[in-house]
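Protein chains: 2
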Amino acid sequence: MTALPGAVLAVGDELLLGDIVNGNAAWLGAALAGCGVQVVHSACVGDDLGRLGVAVRRAMEDASVVVLTGGLGPTVDDLTREAVAAVAGVPLDRRPELETRLRQRVSAAGQVLEDLPRAVWKQADLPRGATALDNPVGTAPGFRIEIDGRLVFALPGPPHEMQAVVRAHVLEELAARSGSRLTTRTLRCAGVGEATVAERVEAAVELPPGVTLAYLAGEGIVRVRLTTADDPAVLAPALAAARRALGADVWGDDDDTQAAVVGSLLRQAGHTVATAESLTGGLVGAAFCATPGISDVYRGGLIVYATDSKQSLAGVDPQILAEHGAVSAQTARSLAAGAREVLAADWGVATTGVAGPDPQEGKPVGTVHVAVAGPPGTWDLALRLPGDRERVRNRTVTAALDLLRRCLQHPDAPPYALG
Amino acid sequence: MTALPGAVLAVGDELLLGDIVNGNAAWLGAALAGCGVQVVHSACVGDDLGRLGVAVRRAMEDASVVVLTGGLGPTVDDLTREAVAAVAGVPLDRRPELETRLRQRVSAAGQVLEDLPRAVWKQADLPRGATALDNPVGTAPGFRIEIDGRLVFALPGPPHEMQAVVRAHVLEELAARSGSRLTTRTLRCAGVGEATVAERVEAAVELPPGVTLAYLAGEGIVRVRLTTADDPAVLAPALAAARRALGADVWGDDDDTQAAVVGSLLRQAGHTVATAESLTGGLVGAAFCATPGISDVYRGGLIVYATDSKQSLAGVDPQILAEHGAVSAQTARSLAAGAREVLAADWGVATTGVAGPDPQEGKPVGTVHVAVAGPPGTWDLALRLPGDRERVRNRTVTAALDLLRRCLQHPDAPPYALG
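Chains as they are written, first to last, in this note's numbering: chain A, 82 to 500; chain B, 82 to 500.
There are no misleading hints in this set.
Which copy is meant is left open, so a pair is good if it fits within one copy or across any two.
Calculated cross-link-like contacts (lysine to any residue; reagent style SDA-like; alpha-carbon spacing at most 25 Å):
1. K444 <-> H241
2. K444 <-> S376
3. K444 <-> G191
4. K203 <-> R138
5. K444 <-> V218
6. K444 <-> G374
7. K203 <-> Y296
8. K203 <-> A245
9. K203 <-> P240
10. K203 <-> L297
11. K203 <-> G134
12. K203 <-> V157
13. K444 <-> A189
14. K203 <-> R175
15. K444 <-> S188
The set of hints was computed from the structure by calculation and includes no laboratory data.
In isolation and in its complexed conformation, chain A is listed as follows (with noise of 0.2 Å):
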């Protein structure tokens, strides 16, 4: 595999005080990694003049593609051109046709331009030689200069708008110029742990030259990857072998979600769902309605979260709760037969448990039961996760809607090979 050695500079004070996580270096490394170009430096830098020009010197060192992000805005804070300009050695330029750009998105956006700071036109400079990279969702540019034979990119700061220059403007140019594309195929499991995951792995499936495989494990989802810098068709029968030796535990591909892998094993059946949430307060109904498009199929949900609602709600008998609990696998079905029945949906989907920091019902932080009722019947999970508050939420979605795939997809199995 061979790939450019690449750099990524995220700027700004707010990185390094802790205000804010750099989100756009993982994003970029993914995405970089994707058209042949490896990230082997990447940091962040304060707006400081001296400090960013030593970083963008220290980046050309190690890598011949160098992508900077933020630092583009109107304000005296903003130092990324002048930085770039200064090691390139080369004035910057106010640009005419950045200028007439500018002033046409102020009156767009209904602002008066002579209400503006003068700072705003510095977004119409650019360094000598650079190419100006239009921004299709906000006012900053970016732009790319060559400097002693590295290929630099500016890129403005916010991730949606950072993510947009990219696409349009860096991609291509880089998979060219690396003359190697890298392609990644992932399967995404549930229900299973990493160990297992690999063991079943590497007992089945022969690694092609020039392949490796990788495990990312969490919130109870176990990725499987396998990368490529050679043809994409050297992938498919270890795919394949991956796939076979995963079986039900796979649920998706690459960048499938959970709620819309299930919204289409619903949407194929002609099918409805809806949820009754207690432990995870909405948050399996927030990751249906996370996806686009999923109101043909998910109906809406009972957050049941004071023990009465339950049976007010969605019409858990008060014996049960008496003789088992609200946190109990006979709650947690009867509350997805619930929310089936209250919402008229063919599905229901039910969470209940500890989420903690203290035990309920003298049973531990982390004992969660999740349910589904369907047509074909109704099933029930019982597990122990660990972790605070915030990962036994996430865990517990995980789980609710791998039970539901399941039970979608194999309604004549029990969802679980049990032991």
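Dock chain B against chain A, hints included.
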């Protein structure tokens, strides 16, 4: 403000590839600032001995305190010990006391020593002259070593382990060494833009010498931050003046969350709340349920995603839906009243709107109505929110919780001074 210059190095190929986001850097940036160390250099480094050495040397050029995270585990890819030892020019020594501790941990975890790969024992190696930093929540200890007058800390990579070691072994020493402890006070505002906040604060607040002021905006929340390295008492008058200037737009202090603040206000009033959500699909409920101990005031909610569920679950008059549409102030008000009634709560809070990507009922993406119904009456707020589906939904949650907060704090006045 005199602060020691600090550097943060996060170690691991997975950071460069974008498989995980570098949350450790942000956490450390804020934690170090608190004890008088200003991070001026922050980088990610891959699992490569040569590059790690270069990165540590560069960090030592820029900073007198260098904090590494990651690369302390038991695999061949874990090279932080080796790299730091090489930079210091010292060998690695096996430490018997760490070996013993590791043995105890392994046995306590129910694992059999003989089954473990030999590489596990490298976690008992430290550069000569280094001090071990006990890891209270994991197997790999951190360490601390002085190199050329720089203080270098190597910490485990998993965030909860890193944080535990920093709290136990790093912060006190750094505060003592820097001789300054930064004190930060934050006011949190909503329902008002960053520019307006800045204008009002700057007209009202005279900053004492040695106090810095910053504004941070995101997801509809603006934070005003005052920082000093001097006596924390100097912040009080400036903070009070800013609070007066911002009036009812301030909803919280420091690390407050909206849901926790609203929860406290409800608890003080002896009141409860319920939710009815369309476009947010459970996010408002999930925000409440993320707060430990909320069950005494949050009753539960309705996720009324399908239009007919707004009627069947929350009792919205079909005539309102027919006349004004599902995305309307009238529907939001009726949903809030419905949530209140169905869940027998004192207050109801509701959301409806167009999250995108497509318009709905002829209303553009970002059209949002939130409403609150309670003992003193019903209020609603119409919003036009920018951004994509995720941003629209998140800002709607902010607006809904803020409207409820205003109604609880100022039941006799309209919640927003309009115009």
